[in-house]
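Heads up: the protein sequence lines correspond to chains U and B, in order. Using UniProt numbering, the letters of the first sequence map in sequence onto residues 1 to 669. Using UniProt numbering, the letters of the second sequence map in sequence onto residues 1 to 669.
The reader is advised that the hints may include incorrect statements.
The list cannot tell twin chains apart, which means a pair is met if one copy fits it or any two copies do.
Here are the simulated lysine to any residue pairs, SDA-like style, with alpha carbons at most 25 Å apart [claimed, not checked]:
#1 Lys594 with Gly579
#2 Lys666 with Gln174
#3 Lys39 with Lys79
#4 Lys39 with Glu5
#5 Lys634 with Glu47
#6 Lys475 with Ile585
#7 Lys650 with Phe640
#8 Lys450 with Asp359
#9 Lys63 with Lys645
#10 Lys650 with Asp572
#11 Lys594 with Gln512
No wet-lab data here; the hints were simulated from the structure.
Protein chains: 2
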Amino acid sequence: MPALEVNPDLQKERNTATFDPQEFSIFWAGGVEKYKEKKALEKLFLEDPALMDKLPTSYMSHKELYEDSLRKACVIGEKIRKLRADGEDGVDTYAALLGGSLGAALLKEGNPMSLHYVMFVPTIMGQGTMEQQVEWLPKAWDCEIIGTYAQTELGHGTFLRGLETRADYDASTQEFVINTPTMTAYKWWPGGLGHTANYAVVVAQLYTKGEFRGLAPFIVQLRDMETHQPMPGIDIGDIGTKLSMKGVNNGYLGLKNVRVPLNHMLMKNQQVLPDGTYVAPKNSVLTYGTMMFVRCVLIRDTAHSLAKASTIATRYSAVRRQSPIDPKEPEPQIMDHTTQQLKVFPQISKAIVFKIAGDTIWNMYNVLSGELEQGNLERLPEMHALACCLKAICSADASAGVEICRLSCGGHGFMDCSNFPAIYGMTTAVCTYEGENTVMLLQTARYLVKVYGQALAGEKLVPTVAYINEAIKLKKFVNFDCTLESIVKAFQFVAANKTRVAYEQIEMRRRQGHSTEVAANLSGIFLTGAADLHGRAFLAQTAYTELTAISKQVSPALADVLKVVLELYLVDACLNRIGDFLRFIEFTDADVTKLEMRLESCLKRLRPNSVALVDSFDLHDRVLDSALGAYDGKVYDHIFESIKKNPLNKEPVNESFHKYLKPFMKAHL
Amino acid sequence: MPALEVNPDLQKERNTATFDPQEFSIFWAGGVEKYKEKKALEKLFLEDPALMDKLPTSYMSHKELYEDSLRKACVIGEKIRKLRADGEDGVDTYAALLGGSLGAALLKEGNPMSLHYVMFVPTIMGQGTMEQQVEWLPKAWDCEIIGTYAQTELGHGTFLRGLETRADYDASTQEFVINTPTMTAYKWWPGGLGHTANYAVVVAQLYTKGEFRGLAPFIVQLRDMETHQPMPGIDIGDIGTKLSMKGVNNGYLGLKNVRVPLNHMLMKNQQVLPDGTYVAPKNSVLTYGTMMFVRCVLIRDTAHSLAKASTIATRYSAVRRQSPIDPKEPEPQIMDHTTQQLKVFPQISKAIVFKIAGDTIWNMYNVLSGELEQGNLERLPEMHALACCLKAICSADASAGVEICRLSCGGHGFMDCSNFPAIYGMTTAVCTYEGENTVMLLQTARYLVKVYGQALAGEKLVPTVAYINEAIKLKKFVNFDCTLESIVKAFQFVAANKTRVAYEQIEMRRRQGHSTEVAANLSGIFLTGAADLHGRAFLAQTAYTELTAISKQVSPALADVLKVVLELYLVDACLNRIGDFLRFIEFTDADVTKLEMRLESCLKRLRPNSVALVDSFDLHDRVLDSALGAYDGKVYDHIFESIKKNPLNKEPVNESFHKYLKPFMKAHL
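Input sequences plus hints: build the corresponding full structure.
Laid out in structure tokens, this is it:
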């Protein structure tokens with residue numbers, strides 16, 4: 001870190017920390033090599049004057065924001081071209097530049113060309129034939145065309161079979177005729193679709209020889225290559241302002257008798273022959289793989305959001321002084337208020353645990369991916385169930401955590417210069433996209449109820465649900481002794497019992513004559529509850545296993561801190577679901593009090609290292625982009641800098657005074 | 001309601017409702033007279049073309065937004081002048097126009113002149129002497145001057161004694177010299193301070209004869225009456241963009257040797273004589289009264305936020321179809337998914353209960369207010385404790401509820417045209433202003449711990465905490481039978497026990513040698529938990545008492561619906577604190593399952609009347625301002641209308657294509 005003049009309260013925290021933040025930074029980055037790559041990428045992108053904001057985006061109109069976002073997206077695109085030419089691009093680079101870390105520092109309201117890189121190109125790679133890849137990929141990689149991926153419609157999201165856009169094959173011309181027959185069939189939401197992309201992969205219901213064949217992807221040209229005017233039959237534009245991602249240029253798309261040639265249907269998995277004969281795909285599990293990949297990335301993104309928010313809140317809590325604890329003493333750092341620690345520190349622990357869980361499931365995904373390619377589908381349902389509930393839990397908890405951090409900074413957290421509003425907008429979006437959270441939990445629950453039945457029938461379950469076998473054997477959980485091992489085991493026992501109750505609810509309703517589907521719908525409260533606990537049990541187990549293992553590999557000083565992080569995470573997680581624990585495990589009032597005292601003890605023990613710990617997330621000041629959270633802790637100076645950028649303050653008297661206010665004030669004189 | 005073409009699914013819901021929404025609308029408005037007044041006010045303000053938005057505010061730059069907000073504020077101000085001249089203004093009118101209901105429809109991002117009406121004028125009325133009132137009030141009421149109220153500073157909010165702004169009396173000129181000696185002393189946040197107000201009440205630390213005298217309020221001229229240029233020594237501007245209220249023109253203010261005459265100090269409660277002699281105030285309880293007044297208003301505002309959000313989500317849930325429950329059936333109204341009901345319907349019940357609690361505490365405040373004027377302070381601490389925790393609970397629950405409603409609308413809830421982002425911004429702000437929520441809970445807790453000690457000593461407590469006497473007598477809660485009476489009693493028992501635990505924690509730490517203050521800080525987790533349950537016990541009791549009473553006064557059809565609302569509220573509230581219930585009351589796993597099944601049953605029973613119930617909140621389409629929630633339910637038409645207003649869509653090709661995108665795409669060709 002650079003040697004800067006630093007707020008003395010913050011410096012004091014750093015001086016008294018008991019471990020070396022850089023040791024954890026390197027772990028956090030994924031090792032020395034990745035740490036160096038990260039620093040190099042930051043240097044390359046964050047120090048480019050073309051990518052610095054003169055005017056914060058919050059002061060721009062939506063139109064200005066889009067125009068500036070596109071400008072920057074082109075600068076970034078040009079740099080990516082160079083990296084690619086030098087062979088220095090890679091999955092991590094794209095993830096950093098287009099996703100939650102560097103990406104948000106460069107384009108706070110999102111990148112209108114993201115979907116080109118993360119959906120358009122990969123879809124052609126994954127679903128195009130060799131010939132199609134040869135035709136389209138060079139143009140796409142070189143950004144001679146900019147594409148997007150158009151699947152969801154105004155009236156249809158989650159339920160893909162409900163999509164209305166249709167492609168009818170016309171064998172006489174060997175073309176597909178694509179239409180959005182109704183208002184609700186309009187494609188809606190794709191990033192960059194509004195005014196940026198000139199191509200899209202459009203997903204439509206395929207009809208050949210008058211028969212319905214299921215969904216298929218088509219490459220459709222949206223705009224003229226020279227003039228960028230919409231092509232005939234294309235009705236296209238921007239869907240408007242949103243809670244966040246205002247620069248993404250999410251668009252709408254109507255198609256009216258748009259004709260595309262036969263070879264514009266991506267045909268790796270399914271084919272249409274020139275005469276209209278349809279050749280069905282062999283299996284569709286590969287799309288599960290892609291969804292899982294995206295959800296694994298999202299879990300890591302939620303960790304990143306929490307890291308940002310907790311860094312800002314922790315540093316501010318060290319600098320801000322308010323409300324004497326003892327009326328005879330001066331105002332303390334607000335970090336000394338137990339209630340403040342209670343808000344902020346659990347978010348630090350969650351950031352770390354979600355990161356570790358993200359890494360763990362990422363590794364599991366890679367193993368699975370290899371198995372899938374060899375035709376081994378055995379662990380797919382298990383992994384799918386896990387990724388679904390973790391995506392839901394981590395995004396919901398991270399969103400709540402960001403807001404807790406914001407609220408912990410009082411009124412100043414409400415200002416855009418804190419960056420909390422933007423971080424929240426980006427984080428809460430994850431609750432909805434790539435599988436709405438409730439839908440995700442229900443998918444996990446469906447799996448859990450199924451395997452619960454298998455366990456009752458005596459089957460031995462796969463690893464991530466094996467705890468259900470144990471719980472059935474155990475019946476009653478005894479000797480809950482508040483050790484960390486015991487909390488992890490108890491989480492699993494509680495999860496198994498939540499699944500049991502959900503299972504029993506469905507069975508009861510089936511006995512009452514409902515179909516399985518109706519019974520499941522009526523049991524929604526129980527099913528989502530079971531899936532929630534399944535994910536939390538996994539998080540508890542993973543936190544315990546991984547942090548214990550990591551602690552053995554690092555310096556004793558860091559190991560001590562990580563032990564407190566683990567204990568804080570587990571005790572807090574347990575207290576957050578204390579109702580479930582008390583429901584299935586014998587606990588006294590006094591036991592709960594003890595746990596609450598233990599939580600307070602964890603907070604107190606983390607306090608001296610809290611600043612060093614967030615420092616070790618190693619978030620660049622431009623990534624934080626927060627007057628409250630900068631490394632130097634000069635909160636009030638940065639706030640003053642921010643007001644100087646406010647266009648309203650460029651003139652002492654706004655013209656509206658003369659136009660409106662003065663006539664109003666003088667009206668009756 | 002007007003006869004419009006209505007979405008058939010929504011119309012079907014209305015046709016099959018079992019009660020008359022207007023009956024409830026009249027109750028909701030506060031009786032027939034108030035209902036008529038509300039309609040008249042809506043007509044007067046909402047049908048004025050000068051107050052309609054051509055361009056939604058979300059598309060404007062911050063500067064444009066301020067200018068348009070000021071324009072509208074002047075139009076509203078002129079109308080208020082007329083109402084006042086006709087004797088038709090009143091507390092309710094100001095609350096509606098400047099607060100959460102009509103106000104937000106007219107100025108979605110807040111009114112830069114609000115503080116003039118709600119703080120500047122009332123402060124002069126409350127703290128000015130007769131002469132001062134005669135001098136300032138006519139000018140202020142006629143808006144010949146526009147004022148604001150400047151108390152909080154960049155570095156100081158909650159802890160008033162920490163304010164740094166100081167006023168030194170100079171007897172030689174009979175003037176005060178006001179200074180903000182440091183950066184952190186800058187006044188920060190006052191609405192309208194940036195560029196709108198030309199006067200302010202400035203709160204400063206008073207020094208006379210070289211001695212510190214405590215805080216005092218001063219009338220300070222900020223800007224020239226003719227040119228609006230800042231006065232000498234005044235450094236002033238807008239603090240910048242925020243999560244919401246972007247049109248309020250929150251400002252900053254530095255004062256450098258600003259001199260104001262002796263009679264500009266508001267001297268009703270304390271005086272400075274010409275020679276500098278200081279006359280201290282008799283008592284300061286009256287300021288408690290004002291804070292309580294504001295918090296009572298805020299509790300009602302939270303009900304209004306929930307009413308808006310739940311109306312939008314309920315109507316959308318009736319119109320939107322998605323994801324078959326039975327794969328053989330078409331996609332149902334999403335309202336038929338139990339998990340959707342679970343999100344939306346509890347927010348309807350909370351809107352109703354918070355409204356009733358707001359009315360109840362409002363009535364209690366009015367009684368108290370009379371008592372205070374007669375010098376009877378007996379019930380002040382009790383009422384203060386109650387208002388504090390209810391402000392915190394209702395604002396936190398309403399914020400969470402708004403987000404749950406937004407998320408229940410999937411991606412479309414994320415669009416600004418849903419209006420959820422703006423509603424959330426306005427609602428979550430209440431968590432921070434007028435007493436930060438954690439500070440509020442701690443204030444309540446301090447009272448609870450004190451009275452717990454009194455109860456242990458055998459004292460009989462005042463009504464709102466009398467349940468503590470009972471719980472101490474009872475020791476163990478027996479026969480929890482899940483009746484509504486029993487849930488209410490159990491809430492009180494649990495609340496009493498949370499206070500007991502907090503009390504014991506503080507006592508334990510005192511025995512360990514900590515001062516009471518340090519002991520209280522260390523027990524923060526326990527204290528906030530106790531205050532939370534105290535407020536929830538009051539809400540449960542009030543919901544039960546009031547809704548039962550109301551049910552007896554209305555038609556049997558409406559009474560039946562209100563009974564379901566009450567049951568839903570209580571069962572949901574209980575399940576949300578089930579950990580606390582299980583901790584202090586004997587419950588089995590099966591009991592919890594039964595409660596969860598009862599929740600599901602409440603949802604199912606409310607479903608047929610849910611649309612009629614939100615209709616009966618009688619929220620004008622302009623108040624809702626939501627493509628998803630309009631009365632006619634034509635969701636997709638309204639979304640299409642919204643994209644037509646988007647300035648980006650006014651031209652098929654944005655100029656940024658030629659400037660940035662085309663050169664980028666063609667760079668390597």
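Hint by hint, here is what the structure shows:
1. Within a single copy, Lys594 and Gly579 get their C-alpha atoms as close as 16 Å, and across copies as close as 15 Å, so both meet the 25 Å cut-off.
2. Taking the shortest Cα distances, Lys666 and Gln174 never come within 25 Å of each other, neither inside one copy (74 Å) nor across copies (31 Å).
3. In this assembly of identical chains, the alpha carbons of Lys39 and Lys79 lie at most 25 Å apart only when taken from the same copy (16 Å versus 59 Å across copies).
4. Within a single copy, Lys39 and Glu5 get their C-alpha atoms as close as 22 Å, which meets the 25 Å cut-off; across copies the closest is 60 Å, which misses it.
5. Proximity of Lys634 to Glu47 under the C-alpha cut-off of 25 Å is restricted to the intra-copy arrangement: shortest distance 21 Å within a copy versus 49 Å between copies.
6. Taking the shortest Cα distances, Lys475 and Ile585 sit within 25 Å of each other both inside one copy (10 Å) and across copies (23 Å).
7. Taking identical chains as interchangeable, the C-alpha atoms of Lys650 and Phe640 lie at most 25 Å apart only when both belong to the same chain, with a minimum of 14 Å there against 37 Å between chains.
8. With identical chains, the CA atoms of Lys450 and Asp359 are never at most 25 Å apart, being 27 Å at best within one copy and 50 Å at best between copies.
9. For a Cα distance limit of 25 Å, the shortest separation of Lys63 from Lys645 qualifies both inside one copy, at 19 Å, and across copies, at 12 Å.
10. When the C-alpha separation of Lys650 and Asp572 is checked against a cutoff of 25 Å, the pair qualifies neither within a copy, at 48 Å, nor between copies, at 52 Å.
11. When the C-alpha separation of Lys594 and Gln512 is checked against a cutoff of 25 Å, the pair qualifies only between copies, where the shortest distance is 17 Å, while the shortest distance within a copy is 44 Å.
Hint compliance for this structure: hints 2, 8, 10 are not met, and every other hint is.
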